[in-house]
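Q: Residues per chain are reported as follows:
There are 2 protein chains.
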Amino acid sequence: MSSLDNVLGSIKPVAIVSHEATNSPAAWREAVEADPATPKPFELIKVLVYKPKTAKSATPQPLVIIAREGTEINANLVAKKLGVKEVRLASEDLLTEFFSLDKNSLTPLALNESNFSKTTTVIETAITNSDTVYGVHALSSSETIFLSGKEIYAYLSRFESQDASLQDLNFEAIKVEVETGGAAKPKAAPAEKAKEDAKIEGAVQIAIGIKKEVDFAGWYTNVLVKADMLDYYNVSGCYILRPWSYSIWEIIQDWFNAKIRAMGVQNAYFPMFVSSKVLEREKDHIEGFSPEVAWVTRAGNSELEEPIAIRPTSETVMYPYYAKWIKSHRDLPLKLNQWNSVVRWEFKNPQPFLRTREFLWQEGHTAHLTKPEADAEVREILDLYRRVYEELLAVPVIPGVKSEKEKFAGGLYTTTVEGFVPTTGRGIQGATSHCLGQNFSRPEMFNIFVEDPADPTGQGKTYVWQNSWGLSTRVIGVMVMTHGDNQGLVLPPRIACIQVVVVPCGITAKTGEEARKAINDMCEQLAESLKKVGVKAKADLREGYTPGFKFNDWEQKGVPLRLEIGPADLAKQQTLSVRRDTGVKSPLPLGDITTTVPQLLETIQADMFRRAKEMYDSRVKEITRWEDVVPTLDDKCVVAIPWCEEEACEDDIKERSGRAAEPQDERAPSAGAKSLCIPFDQSRWTPIEPGKTKCPACGKDAKRWTLFGRSY
Amino acid sequence: MSSLDNVLGSIKPVAIVSHEATNSPAAWREAVEADPATPKPFELIKVLVYKPKTAKSATPQPLVIIAREGTEINANLVAKKLGVKEVRLASEDLLTEFFSLDKNSLTPLALNESNFSKTTTVIETAITNSDTVYGVHALSSSETIFLSGKEIYAYLSRFESQDASLQDLNFEAIKVEVETGGAAKPKAAPAEKAKEDAKIEGAVQIAIGIKKEVDFAGWYTNVLVKADMLDYYNVSGCYILRPWSYSIWEIIQDWFNAKIRAMGVQNAYFPMFVSSKVLEREKDHIEGFSPEVAWVTRAGNSELEEPIAIRPTSETVMYPYYAKWIKSHRDLPLKLNQWNSVVRWEFKNPQPFLRTREFLWQEGHTAHLTKPEADAEVREILDLYRRVYEELLAVPVIPGVKSEKEKFAGGLYTTTVEGFVPTTGRGIQGATSHCLGQNFSRPEMFNIFVEDPADPTGQGKTYVWQNSWGLSTRVIGVMVMTHGDNQGLVLPPRIACIQVVVVPCGITAKTGEEARKAINDMCEQLAESLKKVGVKAKADLREGYTPGFKFNDWEQKGVPLRLEIGPADLAKQQTLSVRRDTGVKSPLPLGDITTTVPQLLETIQADMFRRAKEMYDSRVKEITRWEDVVPTLDDKCVVAIPWCEEEACEDDIKERSGRAAEPQDERAPSAGAKSLCIPFDQSRWTPIEPGKTKCPACGKDAKRWTLFGRSY
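These protein sequences, in sequence, are chains A and B.
Under the numbering used here, the residue at position 679 of the first sequence is numbered 679, and the numbers go up by one with no gaps.
Under the numbering used here, the residue at position 553 of the second sequence is numbered 553, and the numbers go up by one with no gaps.
These are calculated hints, taken from the structure and not from any lab test.
Misleading hints may appear alongside valid ones.
No copy is singled out in the list; a pair is fine if it fits within one copy or between any two copies.
Claimed, not checked - Here are the computed lysine to aspartate or glutamate pairs in the EDC-like style, where the Cα-Cα straight-line distance is at most 20 angstroms:
| hint | residue 1 | residue 2 |
| --- | --- | --- |
| 1 | K536 | D254 |
| 2 | K259 | E20 |
| 3 | K40 | E213 |
| 4 | K46 | D485 |
| 5 | K536 | D93 |
| 6 | K348 | E305 |
| 7 | K327 | D131 |
| 8 | K51 | D93 |
| 9 | K212 | E280 |
Work out the full structure: start from the sequences and follow the hints.
A: Spelled out as structure tokens, the structure:
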């Protein structure tokens, strides 16, 4: 490895993984994914080398294209853009000659002082400023080294010289240019287009560097990181919730706590550890979790007698004590909730907020004397979840019940609020409220019963009816995906920890001290008077930053409303308001600012929800013929079909709606469709005629309209 | 073991542990403690058998005494109390004859149908209704079986018959009777005494069953369990925080969050996992924790490549990211806080709230440009901790700085608020605020620096000054120990989740429906009107419970004020108020109840603090001669000595103040004294004359008055 060390120099790789030699991209990915030492998430880097048309006499100058594995490359277009003559894929000889590597070992690390200047090297823009971890061949097809995009870019930049510069390009954008033939899509008129490319090239006015429409996953993580919501952590699948996102969670906690307290729910805290014996008490339940359970086996230097699990959820932690505490029907209902973190050691690619190994949530666990009581609470809680999404986060959801296949393991039935991510056209489970029935209270399970008050003999036992319900920090991820744009985050006012930022403008070198002070004071006063009426306002009086920088900074962070105050505004006793969601600017007189701003914030909140709702509704398609299902999914929609509600049929639908051709990565747009939920509100679709309306998938009698979609 | 199975019948032991045969109580304890399978905490049961003076002709009827290992037994007194003739320790022959066991194997389980009636068996009262786990010999000196006190009592009760009853006695109480010669101590006048014993026998009016003065540890756990604050959990060292205690924590959280927000501290959440590499970065620091770190080594069925630690505290979790986020002095100060749980796998006996393997706390971590800034914050936070104790929990504390020996591992200096538990005379660390100096920011550590804004060249680096500070749920334990009494918990009004309970009284079978309703309605109205003025009031209208039961129930749970309403009160438009802290009763006119009750609650809060403060102050003794130190400690006081502040001297003091004769269990009253803190307020003691005043321990020059005491 010493040769590699020389190559890397000061660069510290995230990880180095050895594996069998691989001779195809697919084999390569498989090999590294198999190794637990591989950091997750990661992407692979492909290096394509082309030989330009070259006079016999001359030595060819290869075109080296460094791109993310998923990026489609049109080599001739790239060549054209770089002014390189028409190209074809380089021969093994050429590769050996230039890099002393075969095509299966090609890597950016093959470039060095001596050969860089003899090539035309171009790297995908998205890589250059990215914290994403990329795998590249470690000068061999049997070893992979993981570096951040920035590090790869830094490594290559070292070799730049006057006669050899490292260029970066957005290959997708070039593709788009061509596909649209530069034609006038509203958002792709040539001028417009140029501006957009400029953005991608990283000019100031774009915060994010990756376009939402082009590389959603890259955009998403960039937004989170650049908005200071989250940072990556050196334990894979775990993330740091920075104040900008945690404050959203605190607002949700306060709101939800008030609501459940009114329902008689009390907060408590149960231990994070659970013994294997107890954990495995409820078989169906634990089967759902056991592959993901993290086990503590050692303390200090001593091995534990018995490994102890970290809770993946707390049913089995709590219910032995429910059995102890519930002695009489007078002890019912018992309603406890806790705000805690749980651990599910996912081996799928983690995604911030959506799929993480440790996550924050609340879990409510209640016990009732009768089923009707339990049923009522399940729905009452679900409606609180709907309101968290719709009233706080301005994210529309569809409440319904899960299919048997998708319900909570060990429960009786599961209700859910289902969200939707328009950019990918995929559904996402928002939060779930489960009725566990008597499955956990049964004698052979946790044996939670009371004397049946109805039974005169006093001998009869009633096993309690239980619910559990949970809402996690996932809500934050869904909100970001729904509202964010290419400038960054867009926060609905109600969950923004800063709702209004006041920025002093028009202060130049020529501005006198007095005028400068007057403007700053006015900004301060404005913020203060807004705070007095309960608006979370902040005056950004930081020295040494231009207004432009501040605008961009707060836009990235999604502050709903910006108020600018310059000399002219001061004179007119007004401020220029700029909406983050629409960019709409309008002057506001300072006189009635304490009424107009709160109103404007409520308008923004309402508009954001309305737009998101319209989008969601427009993407839920009523489908009655199978042949329309896949095209509709491919069209980034979810389908509502009159469904037979049979599990075999659900499996079949998933099978037939996936594109077998492509890898079955859950995150791939090609994944098969799952049932999302059976909406409670069936009225929006053509009434089902019993016996007449058939399930488009299997032809059996349809029962209820059910949403199917690709999903997170 | 089958013979043992027969003996146990339906009793399910907590654990059964095999070990080498032991021939002394000490050896026995050592053997079981060595075994990780031994449940913690546990106590051992000793069985003493005596032969009463018996006529040669008659068969002796042995006196069997079953007591906790720590209980001193005066056999003759016990005999006298039971009307058994004078006794002496039974011979091995007698033991074999009656129990076919040698003295090293004696156990309650040796009693059975056939021999019980031939003995006089007496069991210590504290065992009979206790959930404590006790170890008893499993019919052999090489096997120990763990049962709850209740189970042992249940086991023995089975053998009771008309001519053989199982008696229970409080051996300590008997001892007291004798020591005081029944003389008239204020609290031990014969009548009084009798009443108190009665309580101990478990009459209704005593909630707790164990007296605070007699068995503090037993009393403490009983209070917690009976007040529904806490329940034991089947993973040793972990406890369930039930709503009655968790609500106290929530009140503290709200108060503290408001205060630190005003200081510019933001809440965040960092992962609970930390890689071994990072954890071990700061050696001194980790040395302090590594023996207690819990390690995750397995997820599902796959072993992790590298074991991952669960945070014992988050310095090493956070600081790599502080290094990343802090790029310029403009990024300072950085002030983050998180509310989370941490894990320290203690192998000492755990105690609810005071020493648990998982506990809840807040940990603040801040970075500053200059030392003065950091110093100021350390003290500002410490004062907030003082106020949590004194203003919310009505628990007095003494703020000061820790000795070098007792400071936070890896830090620069540690400030602390030191509490005191009068019943045991032991000090307890309340909360700590550490200045870490630049120890964690150093280049070889986490390398957290900014360009020195003072340096004109812009080349100079300044390593940041860091603080960390934490307050844990321990505060709840200290509050319980301070205020609780033999009726149970006593809550200061400001942290009580129910401050006032309204109980309808004087409703009898003869009371007409109308009168009954009138009283209940009045109780409801009263509670409602109190709620309107912000008093946390509740009307206890539960059917089927007597007022007496309700009084006792709410007293156990420590509700600060009870308001009774009976027919007479109704007529007079008044209510009878009963203070939980003093028992003082006084009628309150309903007319101005919304002003009198809030005032009364504030009075209760103030009185509780004043009494606790007076007690603490009276137990801090100014000591200047070594010979007075140990007697003063034995007298349940802490000593203030003019100290040299040298570590060797501190070790020496601990050594010399422990009673070598007794086992060095941290919890034993005999443990050596540690330095608690060097109080900031030195003014309460005779001024130290530099060069003149000497350290009473080593004779060197004294520097500052320092508190030493036995401690938790």
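Q: Hint by hint, note whether the structure agrees.
A: Hint check:
no.	hint	result
1	K536 <-> D254	both (16 angstroms within a copy, 19 angstroms between copies)
2	K259 <-> E20	neither (56 angstroms within a copy, 58 angstroms between copies)
3	K40 <-> E213	neither (24 angstroms within a copy, 58 angstroms between copies)
4	K46 <-> D485	neither (28 angstroms within a copy, 73 angstroms between copies)
5	K536 <-> D93	neither (65 angstroms within a copy, 84 angstroms between copies)
6	K348 <-> E305	between (31 angstroms within a copy, 17 angstroms between copies)
7	K327 <-> D131	between (55 angstroms within a copy, 17 angstroms between copies)
8	K51 <-> D93	within (11 angstroms within a copy, 103 angstroms between copies)
9	K212 <-> E280	neither (43 angstroms within a copy, 40 angstroms between copies)
Violated hints for the displayed structure, listed by number in ascending order: 2, 3, 4, 5, 9.
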